[in-house]
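Chains A and B, in that order, are what the protein sequence lines are.
Last residue of the first sequence? That's 429 in our numbering, and every number before it is there in order.
Last residue of the second sequence? That's 429 in our numbering, and every number before it is there in order.
In short, the hints are calculated from the structure, not lab data.
Predicted model only: the values in this text are computed from it and were never measured.
Treat the hints with caution; some may be incorrect.
Which copy? The list can't say, so a pair holds if one copy fits it or any two copies do.
Stated by the list, open to error - Listed next, the in silico SDA-like pairs over lysine to any residue satisfying Cα-Cα at most 25 Å (straight line):
#1 K16 - D288
#2 K111 - E253
#3 K354 - R83
#4 K16 - N300
#5 K138 - S18
#6 K12 - N300
#7 K150 - E84
#8 K107 - N59
#9 K427 - D263
#10 K111 - D409
#11 K394 - I71
#12 K190 - I349
#13 K16 - T281
#14 K240 - P128
#15 K158 - S393
#16 K107 - G82
#17 K290 - A372
#18 K150 - R102
#19 K158 - E26
#20 K131 - E26
#21 K9 - G326
#22 K150 - E115
#23 K90 - R102
#24 K150 - L343
#25 K299 - L343
#26 K150 - R163
#27 K58 - K150
Protein chains: 2
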Amino acid sequence: MKLSKLFTKTSKNISSQIESVNAQLLTRAGYIYQEMAGVYAFLPLGMKVIKNIEQIVRDEMDKIGEELLMPALSGRERWHATKRHDAIDILMSTRAANEKALEKSTAEYILNPTHEEIITPIAKHFRTSYKDFPFAVYQIQTKFRNEARAKSGLLRGREFIMKDLYSFHTSEDDLNKFYELAKERYDAIFDRLGIGQDTYITFASGGDFTDDYSHEYQTVLESGEDVIYLDRKNKVAYNKEVATPEDAKKLGVNFDELEQVMASEVGNIFPLSTKFSEHLDYKYSDEDNIQKNVWMGSYGIGISRLMGVITEKFADDKGLVWPESIAPYMYHIVALPDEENIKVANKVYETLGEDKCLYDDRDSASTGERFADADLIGCPVQIVVSKKTLENNCVEVISRSDKFESFMHPIDEIESLETKLA
Amino acid sequence: MKLSKLFTKTSKNISSQIESVNAQLLTRAGYIYQEMAGVYAFLPLGMKVIKNIEQIVRDEMDKIGEELLMPALSGRERWHATKRHDAIDILMSTRAANEKALEKSTAEYILNPTHEEIITPIAKHFRTSYKDFPFAVYQIQTKFRNEARAKSGLLRGREFIMKDLYSFHTSEDDLNKFYELAKERYDAIFDRLGIGQDTYITFASGGDFTDDYSHEYQTVLESGEDVIYLDRKNKVAYNKEVATPEDAKKLGVNFDELEQVMASEVGNIFPLSTKFSEHLDYKYSDEDNIQKNVWMGSYGIGISRLMGVITEKFADDKGLVWPESIAPYMYHIVALPDEENIKVANKVYETLGEDKCLYDDRDSASTGERFADADLIGCPVQIVVSKKTLENNCVEVISRSDKFESFMHPIDEIESLETKLA
Numbered sequence: 008m009k010l011s012k013l014f015t016k017t018s019k020n021i022s023s024q025i026e027s028v029n030a031q032l033l034t035r036a037g038y039i040y041q042e043m044a045g046v047y048a049f050l051p052l053g054m055k056v057i058k059n060i061e062q063i064v065r066d067e068m069d070k071i072g073e074e075l076l077m078p079a080l081s082g083r084e085r086w087h088a089t090k091r092h093d094a095i096d097i098l099m100s101t102r103a104a105n106e107k108a109l110e111k112s113t114a115e116y117i118l119n120p121t122h123e124e125i126i127t128p129i130a131k132h133f134r135t136s137y138k139d140f141p142f143a144v145y146q147i148q149t150k151f152r153n154e155a156r157a158k159s160g161l162l163r164g165r166e167f168i169m170k171d172l173y174s175f176h177t178s179e180d181d182l183n184k185f186y187e188l189a190k191e192r193y194d195a196i197f198d199r200l201g202i203g204q205d206t207y208i209t210f211a212s213g214g215d216f217t218d219d220y221s222h223e224y225q226t227v228l229e230s231g232e233d234v235i236y237l238d239r240k241n242k243v244a245y246n247k248e249v250a251t252p253e254d255a256k257k258l259g260v261n262f263d264e265l266e267q268v269m270a271s272e273v274g275n276i277f278p279l280s281t282k283f284s285e286h287l288d289y290k291y292s293d294e295d296n297i298q299k300n301v302w303m304g305s306y307g308i309g310i311s312r313l314m315g316v317i318t319e320k321f322a323d324d325k326g327l328v329w330p331e332s333i334a335p336y337m338y339h340i341v342a343l344p345d346e347e348n349i350k351v352a353n354k355v356y357e358t359l360g361e362d363k364c365l366y367d368d369r370d371s372a373s374t375g376e377r378f379a380d381a382d383l384i385g386c387p388v389q390i391v392v393s394k395k396t397l398e399n400n401c402v403e404v405i406s407r408s409d410k411f412e413s414f415m416h417p418i419d420e421i422e423s424l425e426t427k428l429a
Numbered sequence: 008m009k010l011s012k013l014f015t016k017t018s019k020n021i022s023s024q025i026e027s028v029n030a031q032l033l034t035r036a037g038y039i040y041q042e043m044a045g046v047y048a049f050l051p052l053g054m055k056v057i058k059n060i061e062q063i064v065r066d067e068m069d070k071i072g073e074e075l076l077m078p079a080l081s082g083r084e085r086w087h088a089t090k091r092h093d094a095i096d097i098l099m100s101t102r103a104a105n106e107k108a109l110e111k112s113t114a115e116y117i118l119n120p121t122h123e124e125i126i127t128p129i130a131k132h133f134r135t136s137y138k139d140f141p142f143a144v145y146q147i148q149t150k151f152r153n154e155a156r157a158k159s160g161l162l163r164g165r166e167f168i169m170k171d172l173y174s175f176h177t178s179e180d181d182l183n184k185f186y187e188l189a190k191e192r193y194d195a196i197f198d199r200l201g202i203g204q205d206t207y208i209t210f211a212s213g214g215d216f217t218d219d220y221s222h223e224y225q226t227v228l229e230s231g232e233d234v235i236y237l238d239r240k241n242k243v244a245y246n247k248e249v250a251t252p253e254d255a256k257k258l259g260v261n262f263d264e265l266e267q268v269m270a271s272e273v274g275n276i277f278p279l280s281t282k283f284s285e286h287l288d289y290k291y292s293d294e295d296n297i298q299k300n301v302w303m304g305s306y307g308i309g310i311s312r313l314m315g316v317i318t319e320k321f322a323d324d325k326g327l328v329w330p331e332s333i334a335p336y337m338y339h340i341v342a343l344p345d346e347e348n349i350k351v352a353n354k355v356y357e358t359l360g361e362d363k364c365l366y367d368d369r370d371s372a373s374t375g376e377r378f379a380d381a382d383l384i385g386c387p388v389q390i391v392v393s394k395k396t397l398e399n400n401c402v403e404v405i406s407r408s409d410k411f412e413s414f415m416h417p418i419d420e421i422e423s424l425e426t427k428l429a
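In isolation and in its complexed conformation, chain A is listed as follows (with noise of 0.2 Å):
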C-alpha cells in the first residue's frame, strides 16, 4: 500500500477525550477512530491488524470446534430463564429509536454481552444423545455492554469483537478433559500473537458464569488495570479476587511468596458446570435413555481488547511496535527524497509485494515526518532507501524494536530479504 494512497493520516494533535494510551496511540497512528468512549472504528490499518488476530484465533480455535455466527440480538424470555436478566448490570436492550419507529414496532430485544443463553438452545435443537457428546462450537462476532465509563480504549468497551467459544459434555470429566485441550490452544495463540512468554493462566473467581473458580489469561503490563498474583516457577498466577487466605489454602499456595505484579486480561475460561443446561432445559439421554444435565465450559478471547493490550505491552515513546504475527504490513519502505531514491523503492516495493509494504511515497512530507510516521505506525521492518546507502549499492534494514538493530542489505538480493529475516 502506498501512504499517498492510504485512508488515513498520521496526527500529532488528537482529541483530550481520548485518554487510554492505546486509544491515543493507534488514534495518533491512524489504526482507529473513537466515535465515543468505548466505541471505536478500526481504519484500513486498525481492520489489518484485528483480521490478522481473528485468523490466528481461528486456525486455533478450528482445531478444537466449529465456527458458526450467533445473532447480536436476542428475547429477553431467556435471559430471564438463566436469572441473568436483571443480575447483568452492564445488560443494553433495544427499542424503537423515535414516535414513528415506535408507532411501527414497540418490540424490544437484548443486546447480548455474552451468548450461553443463545447457543444452548441451538445445541439442545441439534445434540440431545450421548452419541453425539463432546461438541464445541465458536463464533468470532460483536458484544454489547453499557459501561458507565470507558475510558480504557479498546480495553473496555461498550461494542468489542470477540472470540467465544462453548463446549458441550456428558460429564464433568469429559470437560475438564476439553478444557485442558482448550488450554493448549489458548498458549498457542498467545504465542503466536507474540505475548506468550508474559501470559499467565491465573485463578479467578467465576463471576455471573459459575461458582467454581474460573481461569483468566493476564499478560503482564505496566500500565494493565488488574493486579495478580505471580508463581513465576510454575507458570501460573492468582488474581486478586481469589487472593485471600480462605482462597489460598483451597488453592494449597504459600501466597506470601508469590510476585505481585500489574496484567491485563487477554482470554478467559469458565467451567460452567450444569448451571446453563439446568436453567434452560438442556439434557441428553445417556446409554439407558435415562436424562441427564448437559456439562458446559464457556472460552472467550477479546480480539480488539487483544489489540489494545498489545499495542500497551510493546509501544515505546516512538509509536507502535507490532509483532510480525499481526502487524498491518511486516516492510515499512522510507525513500529519502530524490529521483535515484526512488527508482529503487519502487523496485523494492514491487519485489516485496503491496500486501507487504507500507511505502511512503508521499511528495511533500520531509525525512523528519517519514522516520517519525514510519517509528508511529510501528511495522516490523524499515527499509531505508538513501544516498548513503545507494553508494553501497544497499538498503538499510532496521528492526522497528525498541533497540532499532539494522544492517545494510544488497539492492540485487532483495527477494532474499524474507529469508534472511525470518
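Given chain A's structure and the hints, the job is docking chain B onto it.
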C-alpha cells in the same frame, strides 16, 4: 467434514413460525437457526456460505476501495444533524436493560441501520484537500432495523450482514465516473455469485438518501417481493416506484413495452450528491483554497440477504442447490453401507480433501436418508460409491442441479475429477 461430526443435522419438521421459503429450507438443511423472526444464527454450513459470499464481495470491492469496520453504535446527535433521526421508521436505539444497569448508566445510543452519518465525520477527519480526492472505503458489518413484520427469512432482517461502500468526490462528474466503476464491480460480483444473467440494474427512487434516482440491483425471482419492469434488450429495469407516467417521460422509456416480473433486491447504489456533506459540514478546499461541499455516493450489498435470494433462486423440490462459488463444500460423498464402499469413500475423501468434501460417514442413516440429505444440503457435486459403481472400478458423479446429470469416473483418477469438472 464428516457428517458424523458436523454440528448440525437435517430436520424433517420445523417450526410453523418460519414462514419464508428461504428460512424453511435453510433451517431444514441446518444452515441457519431462527432466534426470532428476522434474527438468525448462521450455523457452520451457513457460516461457510456467508464467508464465501463475503470473500467474493471483498475481492471486488478491494479493487475500488479500502476495507474498514465501523461500529454498530453511534451517538444520536449526528442522526439529528442529518434530519434522519425522526424520519427513519425502523431506527433502533439502546438503553439499559434492567434496574441495575440503569443505575450504572443511563446512556442511550443509536443502533446503526446504515453508516452515512458515521463515515462522513471520519472521512472529514482525514481528507479535506482536493488532493485527497477521490477515495472510497467499505465495510462488511452487521446492521439493525426494527422491522415490525419480518416474515421473509434472510430477505428482511432485524439484524443482517451488509457490505456498504462510500465514495467521496470533488465534483458531480467525478462521482458519476466512480459510480460507473462501482457498477462494473457489482456486475462482476453478481456474475461470480451465479446470478449475473438474471440480475438487472433497476431505476428506483432515492428514499431517505437522495432526491435523484437511485439504482437497485434486482434478481428476477418468482417468489420475489418486488415488481419490476424489465427491458431485457437493454438489460435494465424500473421499479414500481418510478414506473409512473411522469418518471417514464423523464427516463425516455415506453413503459407499455416493458415486461412485468417479480424480483428480489440484492444491492443498491445511491448518488448522495452533497446531502450528507451539507448536513454534516464536510467541505474540501479546492486549488484556490475555496471551501466546497464534498460529493458522495453510497453502495450497498446485503450479504445475508443474498444468501436468502440465492437459496430461493436455485432451490428445487428436493432442497438447496448452491452455485459452486459459494457452496459450503464442493462435493458430497455418499457411500452405501458396505466395507469396500467405505474404504473407497475414505480414499475419495482424503484425495479431494476435507475442506472440499462433506462426507456422509454416518453408521445409522438409510440409503434413502443419505440421498435425501445430499439433495437437501445442496453441494454442487454428489459422489456415490456403491457395489454397482465399484464393479466398474468407478464412482458415480452427479450434478446437484434440477437435472441431476451424472457420469461414472474411475476410482484411480479421483485426482483429476476437479479438472474434469472445471
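Against the structure, the hints:
1. K16 - D288: between (53 Å within a copy, 20 Å between copies)
2. K111 - E253: neither (56 Å within a copy, 31 Å between copies)
3. K354 - R83: neither (59 Å within a copy, 49 Å between copies)
4. K16 - N300: between (55 Å within a copy, 21 Å between copies)
5. K138 - S18: between (58 Å within a copy, 18 Å between copies)
6. K12 - N300: between (57 Å within a copy, 21 Å between copies)
7. K150 - E84: both (19 Å within a copy, 23 Å between copies)
8. K107 - N59: neither (42 Å within a copy, 37 Å between copies)
9. K427 - D263: neither (47 Å within a copy, 70 Å between copies)
10. K111 - D409: Answer is neither: 58 Å inside a copy and 41 Å across each miss the 25 Å cutoff.
11. K394 - I71: Classified as neither; 53 Å inside a copy, 35 Å across copies.
12. K190 - I349: Neither. Shortest intra-copy (49 Å) and inter-copy (35 Å) distances fail the 25 Å Cα cut-off.
13. K16 - T281: between (51 Å within a copy, 24 Å between copies)
14. K240 - P128: neither (42 Å within a copy, 51 Å between copies)
15. K158 - S393: neither (42 Å within a copy, 64 Å between copies)
16. K107 - G82: For K107 and G82, both the intra-copy (22 Å) and inter-copy (19 Å) Cα distances are at most 25 Å.
17. K290 - A372: For K290 and A372, only the inter-copy Cα distance (23 Å) is at most 25 Å; the intra-copy one is 65 Å.
18. K150 - R102: Result: close both inside a copy and across copies, 17 Å intra and 15 Å inter.
19. K158 - E26: within (6 Å within a copy, 45 Å between copies)
20. K131 - E26: Between copies, since 22 Å is at most 25 Å while 44 Å is not.
21. K9 - G326: within (20 Å within a copy, 48 Å between copies)
22. K150 - E115: Classified as both; 17 Å inside a copy, 16 Å across copies.
23. K90 - R102: both (22 Å within a copy, 19 Å between copies)
24. K150 - L343: Close neither inside one copy (45 Å) nor across copies (45 Å); limit 25 Å.
25. K299 - L343: Answer is neither: 71 Å inside a copy and 34 Å across each miss the 25 Å cutoff.
26. K150 - R163: Classified as both: same-chain Cα gap 11 Å, cross-chain 22 Å, threshold 25 Å.
27. K58 - K150: Classified as both; 17 Å inside a copy, 20 Å across copies.
Comparing the model with each numbered hint stated earlier shows that hints 2, 3, 8, 9, 10, 11, 12, 14, 15, 24, 25 do not hold.
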